[in-house]
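Residue numbers (this note's numbering), protein chains in the order written: chain U, 1 to 658; chain R, 1 to 353; chain C, 1 to 280.
To be clear, the hints were calculated from the coordinates, so they are not data collected in a lab. Predicted model, so just to flag it, every value in this text is computed and none were measured. Please note that the accuracy of each hint is not assured.
List of simulated lysine-lysine pairs, DSSO-like, C-alpha gap at most 30 Å [what the hints assert, rightly or not]: (1) R:K318 x C:K271; (2) R:K233 x R:K317; (3) C:K200 x C:K271; (4) R:K233 x R:K79; (5) R:K318 x C:K274; (6) R:K318 x U:K595; (7) C:K200 x U:K382; (8) C:K154 x R:K317; (9) R:K318 x U:K559; (10) U:K195 x R:K128; (11) U:K595 x C:K274; (12) C:K84 x R:K79; (13) U:K280 x R:K242; (14) R:K317 x C:K271; (15) U:K657 x C:K154; (16) U:K595 x U:K280; (17) C:K200 x U:K559; (18) R:K233 x C:K271; (19) U:K595 x C:K170; (20) U:K559 x R:K82; (21) C:K200 x U:K595; (22) U:K195 x R:K79; (23) R:K82 x C:K29; (24) C:K274 x R:K242; (25) C:K274 x R:K82.
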Amino acid sequence: MSYQTGVCNFCGTGCGHLMQVENGAVRGVFPSSTHPVGRGRLCVRGWHIHELLNTEERISRPQLRTDGALIPVFWDRALDEVALRLAGFSGGEIGFWASPRSSNEDIYSMVRLARAVFRSPNISLQSDAWYRSTVEVLREGSGRPGAYGSISDIRNADFILVVGTDLTRQNPIIASDIHFAARRGADVVTLSTRKTQMSRLSGTHLQNRPGTKKMVLAALAKVLLEADRGGASSAAVSIEGSDAFLKEMEGVNLDRIEQDCGLPLPTLRETALRLKAAPKAVFVFSTGISGLNRETVALIWNLFLVAGKAGRDGCAILPATGVSNLAGANDCGAGPGVLPGSGPLPDEAAAARFKGLWGAEAEIGPGRPVEDLLADASSKIKALVVCDHDPEINLYADRLKSLEYVVYLGSYANPFTDLAQAVLPTTTFVEADGTYTNTERRIQLNRRKVDPRFESRPAWEIFSALAARRGAFWPFRSSADVQEEITRAVPAYAGATHAALEAAFGGIQWPLGAERPFGPFRFVEAGLVSGPAPAGDEFPLRLMAGKSYYYWHQNNIMKKTFIPRREYNALLLLYPQGLVDVHPDDAAALGLRDKRPVRVVSARGAMTPLVRVTDEVPPGTVYAPYFVGAMIPDFLVPHAGAVERGEDAVIPVRLEKV
Amino acid sequence: MTMHLLAKSDVPRFLSALSGRFEMYGPQVHPESGDVFFDLAADGSRIRLDAPIPVNSPKFAVFPHWERILSYAYDRENKEVKIIPEDLVRPKALVGVRACDLTGLLCFDRFFLGQEFVDEFYRAHRRKIFIVSVTCTAPFPQCFCVCTDSGPYAAEGYDVNLTDLGESYLLEPGSEAGRALAAELGLAEAGPDAARRRDEAVDRSISLFEAKAVENKAWISRAVNRLTTGFVKNETWEYIGKQCFECGACSFVCPSCSCFNIEDVNRQSGGTDRLRTWDSCSFEGYARMAGEHNPRRPVEDRRNKRFFCKLSYSQSKKYLRPGCVGCGRCVRVCPGDIGMTNVVTAIRRDITG
Amino acid sequence: MDMTRNAAAVSLPVPAEITQIREEIEDVKTFYFRFEDPELERSFPIRSGQFVMCTVFGAGEFAVSLPWSPEQDRRHLSVRSVGKVTSALHGLRVGDKIGIRGPFGNGFPFAELSGRNLIYVAGGIGLIPLRSSIVHALLHREDFGRIILLYGAKSSRELMYRPNIEEWRKRDGFETYVTIDRPEPGWDGETGFVHTLIEKANVPIENTTAFVCGPPVMFNAVIGELSRRGLKDDCIISTLERHMKCGIGKCQHCAIGRTLVCTDGPVYTYKQIKTLGETI
């Protein structure tokens, strides 16, 4: 048969597909009708993944920079050089940037290389801060650093709360499940400032003012607390952590909620009571670049608890991961504050485990995220190992250029190659065996289907070879060997060997083996919730930045396809300088016209995108989808933390007609 | 033509006769996922004539998902260009084609071969195709071919049609090549009651639609009428458009959807491939023009484009029948739950109030 | 109209050599070419109003209307650089090769135009698809009534085919009116929008066919003025431009409602355009 089963490598939904392979090349893709997640569906990206895999824009050979130019060299020469050069730095001087698209095996090998060979604890993912804080909240609240419940809970849910970004764009098949639930009669509530397709498919759209998401969540919880007080006893009081939670809730003034958030209290009250009454409730929110910060996720969890949903069958909290293996990368230790499968460092049990697995010399202490090191002018970072990273060059351009040594490993050409001293071609996910963990902790094995194109090699093999050159001989002859070590390194993955995963079509959800189930449940500290800063006269509008349609990881990957690239360009064509969404009322008041330039001025910067007049934003709000690269350095970067805070960041601006 | 009986024990011999002279495609059950795929088979042993309707339509055998239609090399220094046509002609046997999918292929024939221009790439693929269709003796939940007049029995277009009569298949040659195959295999002639038994099998199949084809809610003819006369309310299109996830799946699984994209890709090894890949009119960028506005903006317009293509009379003239063949695949793959049957229902509701 | 059409090259592009390049206006160049194949070079029959698919080797293919006339006229394409493929074309030099498929499309209905007044109304690069027809009509001058060109552009720098226009101006029996949107130094011709020329030229309405090509705003203004004066919708013809991949009615990229611009068009009467339900 020319169709071979596999897992889509775009977002973290983890849909099953069948790749059509002919004469050693991928020629088409089809959804698997029996796969437990996708159930016969793929999104626009998934339906075109074969276009990406056929691209000629691949890094084809190992290259070393000589006299300013990258020169192709043999693999041995490249590996010798990279191992030698990296050995010239101390551990603290090297940063390791891992990719949430990499397999668990590749991630784990990179972590081991960093900590056990070059003794650097400075490992991070581009989405590290977001997802890491999300899973830490869930670990504190539920005992497990991952999704609580499963995607399949959506289809049977009575009540679904969707917070934030448009899921129909980021995780379309999860959104599809929500849509099917709504058509079956589920009560779907979306909390987002913008009108999105998700909000249009919802029965209730809580369209809050920008920057008030936390207040709305807190208000919903407070309504339930107050409703409970009328009963025999408040169930919430008996939950661990309730003291702090109740104190936080005291600060929430329901009387001011409409004024602050733009949502009438009766609407919120009804919504909260419907949630309370629903036997099966599922909360979904997106993580990644437009994710939610720790406090927001804590409020989501606390609302889930106070509504009495934790521990109930069919209830779930799903932090939808925007990239295929974001969850697995996190499980496998791609963060400065964790080891594979550990809690926050220091973690005694994990330390002992890794001294055993990696040797006494391994660096097992906490490090710093690479982004912090790049942003901090006083940090000692001098070298960087980057794997399949979408360019964040815009954010740290100057510092990156000043580094002494940058190694880039990747499949596809991207701007990182312009500043790397060494470039090493890696396989794509169809050219090597690997496991990937989706949003709902589902570990799936994706088999190699075609030979590596050009001279590419799997990243774990490259890391192994580098380790060997530094005298560390790892016992890995295949990615199955790496996965076998992962099953011992990450307790929740115990038993998830390639053989076990091969036998389980659709994969296995962790925790496996002797791991305890979820719980005990406790409230997570969310801090006091305050209202948004009032808009002033000088900057009367609130600008929020976020994802756009077809925008996915600055589109470095999408640009190598035909159809998704074209769909991205369709918007770019209409608004080539980028765009800001402005409500028709604001546009009329300021005399702004669609597709005409407007100057957006804040206290720190200015940009001149085109106007898109749309009622997708409420009056008083300006939305900047940052799908045009230049908007980030020109405007967002000067606002410290604006990019990091995603849609929670609100920048006061004024619009000037050009 | 004379009808024959193909004993079920003779099916392997029948298939190996085909695999000896054709690349053979047929329904196969994927060993891991259990999905049924219509796919290339090394030999007849993997082909399951009794498998459920495949998730993919056999159209890919004549209209591949992704294919090189020509290549060229331009030596700019010497101003020499070499254009290399692709030889796409291969003898292929499509075995176990269901009536709906065969109808889709006939739509393709009429569209690609029968309009003002012949699509030469399609013609090359189609040239040496041998089709073995099968009568569906029972429908599947998603089926509504009885509403689109495209099943469960194939009326035309096959070289050989098989109808399961229990212990054997009734083999009806539909072409000279089919007749020659039957003769070569020395198959017994079917008795005088064969046609009656076939008709009974078909009638029984049709009678099962009520109970088994439970996803079938389509009353196509009313929708055809409504679409053709343009009396579908805007609100109906908006309702449909709002639910579209713009994934293109409906087009990709459709046996009669033939929209394609063409891209020139420069190979690292030198030279350029001209690729033809599946496309869908439901995408926003589909009709855009370089440097200009997009004439087909609102999502509901694009949605109705595809449904016009499947159901309107003007498009039916190109296919000599409605474009929808009632296979129900779009119902199964749509993330927005707006497969053809739901669309038809929405249009009917619009009619009835 | 014949039901089965032939084209010199349907599926495979045929190589042609660029023999001369002329900069017309900003972002628009004219590329003269000759076919490698002497047989094609001798005979490549076209009708005014048709188009070809042009391959820029290594970049891709695009549809472009034919500006040369079916009679003795050098083969050339006038192309604005707007996307990846057209800008690659602009990077080519004399001696470089391009590929041609076609010709495709219906062309202008000259068989029905005999004896009629022909009014050409063009805005900016809208003159490109009309050029072939103008040259053709002038070669058969005796077959028609009045022939009038009303041409406008934003500025004098944006007027296409200026050498042709100068030549046409001198011809008897061809009335040429050229306008630019606003006065500018050194311009002593008409100013104002092109639809205002309709009055100035005293355009006839009886027994008249108007060819209208240009940007949507100009198109609508001209149509409005002609209709106001009583010209019937089926006496106004235009050519539509759409994104195309195949040129032969298969890829469906250029579908508008029930029509395919590549095979049913690109030439339509305004009466037909009005029923298409999409923007021009």
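Hints, verified against the model:
{"no.": "1", "hint": "R:K318 x C:K271", "verdict": "holds, 23 Å"}
{"no.": "2", "hint": "R:K233 x R:K317", "verdict": "holds, 24 Å"}
{"no.": "3", "hint": "C:K200 x C:K271", "verdict": "holds, 26 Å"}
{"no.": "4", "hint": "R:K233 x R:K79", "verdict": "violated, 57 Å"}
{"no.": "5", "hint": "R:K318 x C:K274", "verdict": "holds, 23 Å"}
{"no.": "6", "hint": "R:K318 x U:K595", "verdict": "violated, 39 Å"}
{"no.": "7", "hint": "C:K200 x U:K382", "verdict": "violated, 74 Å"}
{"no.": "8", "hint": "C:K154 x R:K317", "verdict": "violated, 44 Å"}
{"no.": "9", "hint": "R:K318 x U:K559", "verdict": "violated, 36 Å"}
{"no.": "10", "hint": "U:K195 x R:K128", "verdict": "violated, 53 Å"}
{"no.": "11", "hint": "U:K595 x C:K274", "verdict": "holds, 26 Å"}
{"no.": "12", "hint": "C:K84 x R:K79", "verdict": "holds, 21 Å"}
{"no.": "13", "hint": "U:K280 x R:K242", "verdict": "holds, 26 Å"}
{"no.": "14", "hint": "R:K317 x C:K271", "verdict": "holds, 22 Å"}
{"no.": "15", "hint": "U:K657 x C:K154", "verdict": "holds, 24 Å"}
{"no.": "16", "hint": "U:K595 x U:K280", "verdict": "violated, 45 Å"}
{"no.": "17", "hint": "C:K200 x U:K559", "verdict": "violated, 51 Å"}
{"no.": "18", "hint": "R:K233 x C:K271", "verdict": "holds, 24 Å"}
{"no.": "19", "hint": "U:K595 x C:K170", "verdict": "violated, 43 Å"}
{"no.": "20", "hint": "U:K559 x R:K82", "verdict": "holds, 28 Å"}
{"no.": "21", "hint": "C:K200 x U:K595", "verdict": "violated, 35 Å"}
{"no.": "22", "hint": "U:K195 x R:K79", "verdict": "violated, 55 Å"}
{"no.": "23", "hint": "R:K82 x C:K29", "verdict": "holds, 26 Å"}
{"no.": "24", "hint": "C:K274 x R:K242", "verdict": "holds, 27 Å"}
{"no.": "25", "hint": "C:K274 x R:K82", "verdict": "violated, 44 Å"}
Consistency with the previously given hints fails for numbers 4, 6, 7, 8, 9, 10, 16, 17, 19, 21, 22, 25, ordered from lowest to highest.
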